[in-house]
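Novice: What follows is the residue order along each chain.
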Amino acid sequence: MSATADISPNTIIELVRETVLPDLPADFGAEADFFESGLDSMGVMQLVMFLEERFSKKVEPTELSRANFRNGSTLAALVNGKAA
Amino acid sequence: MNPDVLVIGGGSAGVAAAIAAARQGADTLLVERHGFLGGAGTASLVHSFCGLYELPPAPDSAPRVANPGLPAELERELLAQGIAHDPLRMGKVDVLMHQPQRLALFYDQWCTKQVNLKVLLHTEIVATVVESGRITEVTLHCRGASWNLHPRSIVDASGDAMLAVLAKHPWEHPPSKEMQRPAYIVGINNVAAEALGGDEPLKVAGTIAKAIQEKKLPPEAAGAHFRRSGALNEIFLTLDLPGDSPECAFDSTDARSLTWIEMQGREVTFAIVDHLRASLDGFANARITTLPVRAGIRESRSWIGERVLTEEDILESRRDEQAVANATWPIELRETARGPRLLYPREPKACGIPLGCLRARDLQNVFVAGRCLSATHRAKASIRVMGTALATGQAAGIAAASIEPNTAALAHQVRQVLSDLEA
Numbered sequence: 001m002s003a004t005a006d007i008s009p010n011t012i013i014e015l016v017r018e019t020v021l022p023d024l025p026a027d028f029g030a031e032a033d034f035f036e037s038g039l040d041s042m043g044v045m046q047l048v049m050f051l052e053e054r055f056s057k058k059v060e061p062t063e064l065s066r067a068n069f070r071n072g073s074t075l076a077a078l079v080n081g082k083a084a
Numbered sequence: 001m002n003p004d005v006l007v008i009g010g011g012s013a014g015v016a017a018a019i020a021a022a023r024q025g026a027d028t029l030l031v032e033r034h035g036f037l038g039g040a041g042t043a044s045l046v047h048s049f050c051g052l053y054e055l056p057p058a059p060d061s062a063p064r065v066a067n068p069g070l071p072a073e074l075e076r077e078l079l080a081q082g083i084a085h086d087p088l089r090m091g092k093v094d095v096l097m098h099q100p101q102r103l104a105l106f107y108d109q110w111c112t113k114q115v116n117l118k119v120l121l122h123t124e125i126v127a128t129v130v131e132s133g134r135i136t137e138v139t140l141h142c143r144g145a146s147w148n149l150h151p152r153s154i155v156d157a158s159g160d161a162m163l164a165v166l167a168k169h170p171w172e173h174p175p176s177k178e179m180q181r182p183a184y185i186v187g188i189n190n191v192a193a194e195a196l197g198g199d200e201p202l203k204v205a206g207t208i209a210k211a212i213q214e215k216k217l218p219p220e221a222a223g224a225h226f227r228r229s230g231a232l233n234e235i236f237l238t239l240d241l242p243g244d245s246p247e248c249a250f251d252s253t254d255a256r257s258l259t260w261i262e263m264q265g266r267e268v269t270f271a272i273v274d275h276l277r278a279s280l281d282g283f284a285n286a287r288i289t290t291l292p293v294r295a296g297i298r299e300s301r302s303w304i305g306e307r308v309l310t311e312e313d314i315l316e317s318r319r320d321e322q323a324v325a326n327a328t329w330p331i332e333l334r335e336t337a338r339g340p341r342l343l344y345p346r347e348p349k350a351c352g353i354p355l356g357c358l359r360a361r362d363l364q365n366v367f368v369a370g371r372c373l374s375a376t377h378r379a380k381a382s383i384r385v386m387g388t389a390l391a392t393g394q395a396a397g398i399a400a401a402s403i404e405p406n407t408a409a410l411a412h413q414v415r416q417v418l419s420d421l422e423a
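First to last, the sequence lines map onto chains A and B.
Under the numbering used here, the residue at position 76 of the first sequence is numbered 76, and the numbers go up by one with no gaps.
Under the numbering used here, the residue at position 198 of the second sequence is numbered 198, and the numbers go up by one with no gaps.
Here chain A stands alone, though its shape is the one from the complex (with noise of 0.2 Å):
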């Protein structure tokens, strides 16, 4: 368990609309695919520093794969899963 609130996937989903997808649209979903939306490797390398900056919290090479990325789902459940 965290000690911090739960990042919810509509966080994660804004976070990803602020930073690296502009044009994603307004009902994106938690399960909407960010790859099929434009989501590459430079992205998920902003998205990796963003986590950090943001909500301190820390993601490994290891752990970078499209499954923990695929959406606002998986990427809140890879963050949450993850001490502050």
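If you're looking for bench data, these hints aren't it; they were derived computationally from the structure.
One thing to keep in mind: the hints can contain errors.
Partial list, computed: chain A residues near chain B (C-beta under 7 Å) [as the list claims (entries may be wrong)]: (1) G29; (2) M42; (3) G43; (4) V44; (5) M45; (6) Q46; (7) V48; (8) M49; (9) S56; (10) P61; (11) L64; (12) S65; (13) R66.
Backbone N, C-alpha and C fix where the C-beta goes; we use that ideal spot for every residue, glycine too.
Dock chain B against chain A, hints included.
Specialist: The following block gives chain B in isolation, referenced to the frame of chain A:
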């Protein structure tokens, strides 16, 4: 030595303009400032042709070349000679990946076997004489030697609207804040084949991110991405750079900016490769083996033409009876070094670039092709790509070879030539 048509700049647009003019029977001279042709696609190691294909009307549509004539011929030849491999679907668009080193040789041969065409490398334009709305004389320069020419028509495919500046013709330059960011591309050998397969590119990205956080790499390393090239055992590292230096904000025509990005590009790409070599097994033997002749510039000055292409022209896929080149690449904004932002046309259809955008507003015998044609900042983010540059070059070359002064009548002639090429 007074050619009918002088083409300035031997990139995708200039080569296409020169060959097209020569094929119309014009005695043509192509001058290029570096030691080989190809522009961004060779000198800056840009390793894919964007804008070469139509926008796929459906996800399963086969790629179709968007323009007849030289773009189609180039695609066919690059595939036949093994310089490029089958087109790649990247999201909603198709691109043709090629080997920049062999593309340089291809362009040499494409030009030298063309009758009516002469190429001079290491040659730049340094002065013009304007009389009664025409450029009547140009001065060329090579390593301290200068000579004058009196071409009938001139195509500016310099990428930087060099001729507009020299002739004091109106041109535009976006504010530094909006200007598309530059990229520094290097070729790397001895990266293990599996090092960029599956999820590995994400792990490479994560390794770089971690190194930035731990201050082992500079923050500019965040602009890095890798792509395997058509050449055996070679990958390209593309580093998008912010461009701003302690001395000045980014300006692609300022020597201080250009010096800064070239040196920073080398410093950061070498640091990245050194770090990956120490951190990832697949990169243990990696070496930077190809440096660019110059950093990749995405935006520079543009001419003010008879017409100005706009963002809406691209997004609404507009075309009229002046349309002479198809633009099919989305508006690709790179106003930061944090990856592209793409704006697609509302329907997957080409915009027809009108001849008026390829024609100087106030100089009767000057045509423009490639990224410095007459377009707004946003429209340039679509038309700047190499596939579209081939098409605008071809159209400008056909137009420059004609003696028809009226733009509407000239557009009709160019369209007739293009339609014959399609047959």
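Novice: Run every hint past the structure and note whether it holds.
Specialist: For each hint, the structure was consulted:
1. G29: 20 Å, violated
2. M42: 5 Å, holds
3. G43: With a minimum Cβ separation of about 6 Å from chain B (threshold 7 Å), the hint on G43(A) holds.
4. V44: The hint holds - V44(A) has a Cβ within 7 Å of chain B, the shortest such distance being about 5 Å.
5. M45: 4 Å, holds
6. Q46: 6 Å, holds
7. V48: 4 Å, holds
8. M49: 5 Å, holds
9. S56: Violated. Min distance 11 Å.
10. P61: Since chain B brings a Cβ to about 3 Å from P61(A), closer than 7 Å, the hint holds.
11. L64: Holds: closest Cβ of chain B sits about 4 Å from L64(A), inside 7 Å.
12. S65: 5 Å, holds
13. R66: Constraint on R66(A) satisfied, holds at 6 Å.
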